[in-house]
Amino acid sequence: MLVLHAAEQGLIYGLMALGVYLSFRVLAFPDLSVDGTLPLGAAVAGILILRGVHPLWAGLAGAGAGALAGTLTGVLATRLRIPGLLAGVLTMIMLYSLNLRIMGRPNLSLLGKPSALVYLAQGLGTPRAYENLVAVGIFALVAAGLLLLFLHTEVGATLRAVGQNPELVRTLGTNPHNFLILGLALSNGLVGLAGALVAQYSGFADVGMGVGTIIAGLASVIVGEILLRPQSLLAAVAAALVGSVVYRLAISVALRYGAVLGFTASDLRLLTALVVLGALAAPALRAAWKGETP
Amino acid sequence: MILEVLKVTKTFALGAERVVALEDLDLFLDEGDFATVIGSNGAGKTTLLNVIAGHYRPDRGRVRLAGQDVTRWPVHRRAYFIGRVFQDPLQGTAAHMTVAENLALARKKGARALVPLLTARRRRFIMEAVASLEMGLERRLSEKVAHLSGGERQALTVLMAILTRPKLLLLDEHTAALDPANAEKVLVITERLVAEQQLTTLMVTHRMDQALAVGNRLIMMHKGRIVLDLGEQEKRRFRVEDLVGLFRKVGVSDDALLLTANGEGGIGTMAEEAKKQAHLL
Ligand SMILES: Nc1ncnc2c1ncn2[C@@H]1O[C@H](COP(=O)(O)OP(=O)(O)OP(=O)(O)O)[C@@H](O)[C@H]1O
Ligand SMILES: [Mg+2]
Chain L
1 MLVLHAAEQG
11 LIYGLMALGV
21 YLSFRVLAFP
31 DLSVDGTLPL
41 GAAVAGILIL
51 RGVHPLWAGL
61 AGAGAGALAG
71 TLTGVLATRL
81 RIPGLLAGVL
91 TMIMLYSLNL
101 RIMGRPNLSL
111 LGKPSALVYL
121 AQGLGTPRAY
131 ENLVAVGIFA
141 LVAAGLLLLF
151 LHTEVGATLR
161 AVGQNPELVR
171 TLGTNPHNFL
181 ILGLALSNGL
191 VGLAGALVAQ
201 YSGFADVGMG
211 VGTIIAGLAS
221 VIVGEILLRP
231 QSLLAAVAAA
241 LVGSVVYRLA
251 ISVALRYGAV
261 LGFTASDLRL
271 LTALVVLGAL
281 AAPALRAAWK
291 GETP
Chain F
1 MILEVLKVTK
11 TFALGAERVV
21 ALEDLDLFLD
31 EGDFATVIGS
41 NGAGKTTLLN
51 VIAGHYRPDR
61 GRVRLAGQDV
71 TRWPVHRRAY
81 FIGRVFQDPL
91 QGTAAHMTVA
101 ENLALARKKG
111 ARALVPLLTA
121 RRRRFIMEAV
131 ASLEMGLERR
141 LSEKVAHLSG
151 GERQALTVLM
161 AILTRPKLLL
171 LDEHTAALDP
181 ANAEKVLVIT
191 ERLVAEQQLT
201 TLMVTHRMDQ
211 ALAVGNRLIM
221 MHKGRIVLDL
231 GEQEKRRFRV
241 EDLVGLFRKV
251 GVSDDALLLT
261 ANGEGGIGTM
271 AEEAKKQAHL
281 L
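Top to bottom, those sequences are chains L and F.
With this note's numbering applied, the first sequence corresponds to residues 1 to 294, in that order.
With this note's numbering applied, the second sequence corresponds to residues 1 to 281, in that order.
These are computed hints drawn from the structure, not numbers from a lab.
Positions of the beta carbon are idealized from the N, C-alpha and C atoms, including for glycine.
Just a few of them, taken from the derived set where beta-carbon distance is under 8 Å, the chain L residues facing chain F: (1) 158; (2) 172; (3) 175.
Kindly generate the complete structure, drawing on both the sequences and the hints.
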């Protein structure tokens with residue numbers, strides 16, 4: 001049960017991890033707006049489902065809303081020349097109010113409402129116990145596959161080049177700003193989709209559900225990188241999904257058995273931040289250990 | 001006329017002071033011209049290339065490319081006409097993409113489509129292009145550019161810059177960061193590719209022997225102005241000593257001159273020689 005639930009969550013949040021991989025790793029843009037786009041996706045999908053829209057369309061609408069939010073962050077960071085971190089924070093703050101407005105209250109219950117996950121799994125005739133796993137697996141794998149294909153196209157490759165050398169992209173006669181905006185739209189679209197599916201999976205949308213998303217996403221990407229040491233795009237995309245599943249598993253284990261050591265759910269963010277901190281500091285610590293000075 | 005720089009002035013505010021980097025500068029390049037540019041540190045060479053490429057907008061004056069006034073065009077729009085190589089080999093490539101991917105990106109300017117970057121046909125085209133460098137890179141197409149040596153990387157950058165046959169090629173001391181052997185190799189490759197495609201080229205160099213040996217024109221800049229513009233005939237008769245003498249005449253101190261003449265081999269010693277002569281005088 002524990003493993004099954006962790007795998008389900010890992011794959012749903014894996015969509016979010018793919019988005020974070022795209023912004024942080026591919027575009028080298030530290031995008032904090034995802035803390036707002038995850039609940040945005042949940043809010044949009046939730047309210048549409050309550051109004052009777054088909055849950056699949058509601059999920060896509062969540063993705064679309066996320067993409068719009070990502071576009072906003074991109075425009076702030078490029079056209080208005082606001083530093084990237086701040087652009088993300090501004091979007092995130094704006095979304096907090098906007099999400100409340102969309103939902104009309106701090107949370108929505110979707111219990112007993114149709115879910116895209118169930119719809120998809122039943123369409124395939126999946127046994128009841130594995131409905132969620134199969135459905136979220138399909139979403140995650142299709143998204144990862146499309147992302148991988150995209151990164152091998154002219155547009156996708158130019159996006160990668162923007163993250164490595166924006167000046168090169170300029171000398172190729174293209175405006176790197178446009179590609180950054182596109183990349184952030186796609187990244188936040190994935191996060192919005194994740195939010196929409198999380199809402200349908202857990203049966204509610206909450207205005208506070210996005211807090212810590214960016215750290216969880218980063219932790220997933222980093223854990224995946226440590227485990228798979230990806231050398232290719234395929235491996236890097238796979239690592240984001242694997243990392244997400246392993247991360248959720250570690251969290252579940254910590255919550256279940258951590259009580260013995262005195263952990264509670266409220267310590268979760270501290271633990272996650274420490275994992276990310278450790279992974280980010282590892283190179284510096286290793287160098288210090290070997291006696292190299294920075 | 002491929003390039004017309006018309007009465008361009010560019011100043012920078014440095015604190016309360018104003019630095020005049022280019023002053024009322026005129027420069028015309030005909031199709032197929034290969035001009036080398038020399039000048040002491042701070043003469044305005046890089047600023048001139050930046051004004052041509054669109055990184056800086058001149059305070060006064062116009063820039064025309066292939067007959068069009070591009071003075072107000074952004075860099076990426078002018079890039080349709082321009083290939084550019086910088087001094088730093090890291091600046092011209094995407095380090096974590098493969099040799100083939102870098103070349104495939106450089107295959108065209110402007111709009112990108114949602115089609116595969118590397119097709120079999122493009123791979124063949126890239127293979128042929130990179131084989132012309134005669135560096136064995138055609139066997140390393142799937143390797144990340146970060147794994148290449150500085151010389152290989154810069155040679156690749158030159159190839160990328162000319163792959164679309166730009167109307168104008170801008171080279172800013174593009175061999176200065178390489179060791180002598182690699183610098184020579186990249187220069188030879190540059191000369192060959194420019195000759196093959198008859199590219200109009202503006203090449204900044206710190207080495208006076210190079211400036212004299214390469215191309216069909218030589219331009220000397222000083223304090224934001226062009227103080228010498230040699231055509232093919234005159235260039236052949238000029239010696240490094242003549243250039244050193246001219247530098248001195250426009251008031252470049254011997255120290256600054258040593259800086260500009262710090263190339264490999266003969267040049268350093270020639271500048272020393274000239275310096276000795278100056279003492280004798
Ligand atoms: N972005 C800038 N901001 C302020 N001043 C600048 C800027 N770029 C150039 N300058 C100044 O303009 C003058 C010309 O600089 P430029 O870089 O064009 O010289 P250069 O001929 O390329 O010299 P070098 O041989 O050292 O490369 C210098 O005094 C320089 O300090
Ligand atoms: Mg310079």
